[in-house]
Amino acid sequence: MLYGLDFDIAHTLGTSVLLLSFALLYQRRLSGVLEAFALQAVFVAASAAWQAWSQDAPQLYITAVIALGFKAIAIPLALGHIVRKLGIHRTIETVLGVNLTLLAGVGLVALSILLVFPVTLASGNVTRENLTLALSVVLLGLLMMITRRNAVTQVIGFMSLENGLVLAAVGVKGMPLVVEGSIAFSILIAFIVFGMFFFRIRERFDTLDLQYLESFRGDRHVDRP
Amino acid sequence: MTPGELIFGGGLVSTVYLMLAVPLVAAIVLAALPWHRVSSVLNAAASLLTLAMAISLLFGTRPKPTNFIFIDDLNVSLIVLTSLVAFTTSWFSASYIAHEVEIGRLTPLSLRFYHAMYQVLSAAMILALCANNIGVMWVAIEAATLTTVVMVSIYRTRESLEAAWKYFILCSVGIALALFGTILVYLAGQTVIGPGVEALAWTELHARAAAFDPNILNLAFVFLLVGYGTKVGLAPLHAWLPDAHAEGPTPISAVLSGLMLNVALYALLRFKMILAGNAGAIAPGPLMLTMGLSSLLLASVMLYRRRDIKRFFAYSSIEHMGIITFAFGLGGPLANFAGLLHMVLHSLTKSAIFFAVGHISQVKGTQRIADMSGLTKTHPLLGWGFVLGVAAIAGLPPMGPFLSEFLVVTSAMARQPWLAVPVVLGLLLAFGALMMRLQQIAFGEPRGGTAPVSASLAPLYLQLAMVLVAGLWLPAPLVSWFQNVARLLGS
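Those protein sequence lines, which keep their order, are chains A and B. Letter 56 of the first sequence, counting from 1, is numbered 113 in my numbering, and no numbers are missing. Letter 403 of the second sequence, counting from 1, is numbered 602 in my numbering, and no numbers are missing.
Bound conformation, chain A alone (with noise of 0.2 angstroms):
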């Protein structure tokens, strides 16, 4: 069946996405994460802006200069200086196994085809394909960020998150400026946040392992002789 150009353009670009959101799941250094990271966000970029062309909706290639710009030059760069000067080029440490993170992403992506795909019946395919790729992205990010312990990864897993929320975002027609521009907004905000918090974190705990963080627990200290 062919649904024309259109459609299929969109459809590898937000695959890219979704491939690239895979791919983070295996990387075992903090280097091919942040490369992973940034290679994700130019596609996302890159399905802004044929989404702007295509609907001719000229304020998405805005979200597609923010996308390329922000997520995928400036923040890599800054992540890596980060873990260059903590001096965290060590491999990373995953809860499950690699194996086991994967098919519990293809689990999840199955899922969001299940969900979206018959409720999105009267919107237009790339619409459909795009909130579906979108919801996968947002599921694999989650699951990054729970399988993996370390911050940097938690704040890839968090921002590669918000691709899928941009993909969803430019893929539903006429989506205003606000929301776009809101997502951009709190990308900024939490990166400072973030920031803020490496730079205490490190301060405190010479770490950036959030395990070491988490052995202190709630009421417990309390309860100590």
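If you're looking for bench data, these hints aren't it; they were derived computationally from the structure. Heads up, some of the hints might be wrong.
[To be verified] Listing some non-contacts, in silico: residues in chain B with all C-beta distances to chain A over 12 angstroms: (1) L223; (2) A251; (3) R469; (4) W583; (5) L624; (6) Y660.
[As the list claims (entries may be wrong)] Estimated spans, in silico, between C-beta atoms of each pair: (7) P175(A) - A438(B): 26 to 34 angstroms; (8) A80(A) - A406(B): 40 to 48 angstroms; (9) M634(B) - Y83(A): 48 to 56 angstroms; (10) T489(B) - L160(A): 26 to 34 angstroms; (11) A410(B) - A131(A): 38 to 46 angstroms; (12) A131(A) - M634(B): 34 to 42 angstroms; (13) A657(B) - P175(A): 57 to 65 angstroms; (14) G164(A) - H405(B): 34 to 42 angstroms.
Ideal placement from N, C-alpha and C gives every residue a C-beta, glycine not left out.
Following the hints, put chain B in place on chain A, whose structure we already have.
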């Protein structure tokens, strides 16, 4: 329509914009001021000005809704409540902060930050309440979350960093899911209303909800419930709440419990109204009932094992948000009325309790419950204020929350009798835990510091008086107001 009219509308909308501008301007000034005593007074003054403008919204003609701002019966009551508690908390905060500086827990630089953030937080909460745009509301709630994250981490201890990190990660994920739900609502809206900013406006969405595709609405509501439900602190998404309450400064605990949870719940209620307006969509009631009941029961059991006083009252907030969500899930005029009343009374009571808790932990020099007994002997005025607050939150007559809890239980009896059983069980369990701890803290052998409270107890007693009056006599205009809103909320 010119762009100016589109944004500013006609008539009195400028009051709303002014109400948002005052805290933002104050934030900039406070960030620059180096003297913390001046700042804390200015902080309270700005909050008072915001409150005055919020009250002025109650009178005069309602502004016509624009695509960004609207005022109706539901949000105006919450705006007044928010600015009221924000003002009393800033009053309490002035004395609390002075003590923290004295003992060296906070530096003057972090205080500049603290005061500026406090004002940004109140602006964000008011914007979330009066926004006529689900995208803007989302941004406002996100902004409010980020400011509180920063404030929770302000002590820079290991514990506060962990609490802030946990709060940040969980709520960001929640809020991201809420954005996905928001996009789905827009998708449902734009097929009917047409692409553009109108399809994000509450007024349009409510008016034309009947024509939306129910399947998309259903899917959207699941995301919104999980997303904003995390911010409300509903079980099982509540993990961030006790830590964030316990490790941050106490004024922030008061604002979190008294206001932030309400704002997130307000968002959920609005979306619930869209679903209620669509015949084909699932009834959101059962989902909210389940989450409300599980929060109530879980929190009331957890109350027994808490040793830290702020963590203890954080769980009590989860319990009460559970009751309120349960009431709105039940639906119908009476239950909605009870839910609204409990929302207001819980805010007033819980923030008052946190004021007392702040003073108690300062004079006793600890947050550990076992080390602060005999409070009514060492500090009678503070101690009895605390006793009154806890009696109110436990649901003892004649305090206000007794009335609203009684209404929740009776409306449950009338609508779904078998659901009343777990509610009463939860309330009794929580009552037991509260009495046990109250006994320990207020009475018994005096322990801990005996230094006198240097701060004013006026904010505490002011709010307790309001709670007491509400329990004895609700003014007729207020009652008809609530009834009107309860009708708006639908079944």
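Right, here's what the structure says about each hint:
1. L223: The claim stands: L223(B) keeps its Cβ more than 12 angstroms from every Cβ of chain A (closest is about 15 angstroms).
2. A251: At about 30 angstroms from chain A, A251(B) clears the 12 angstroms cut-off, so the statement holds.
3. R469: Holds, since 17 angstroms exceeds 12 angstroms.
4. W583: holds (26 angstroms)
5. L624: holds (24 angstroms)
6. Y660: Y660(B) is indeed farther than 12 angstroms from all Cβ atoms of chain A, at 30 angstroms.
7. P175(A) - A438(B): 26 to 34 angstroms: 32 angstroms Cβ-Cβ, so the 26 to 34 angstroms window holds.
8. A80(A) - A406(B): 40 to 48 angstroms: Between A80(A) and A406(B), where Cβ atoms are some 45 angstroms apart, the hint holds.
9. M634(B) - Y83(A): 48 to 56 angstroms: holds (54 angstroms)
10. T489(B) - L160(A): 26 to 34 angstroms: About 30 angstroms separates the Cβ atoms of T489(B) and L160(A), which means 26 to 34 angstroms holds.
11. A410(B) - A131(A): 38 to 46 angstroms: holds (43 angstroms)
12. A131(A) - M634(B): 34 to 42 angstroms: violated (55 angstroms)
13. A657(B) - P175(A): 57 to 65 angstroms: holds (59 angstroms)
14. G164(A) - H405(B): 34 to 42 angstroms: holds (37 angstroms)
Consistency with the previously given hints fails for number 12 only.
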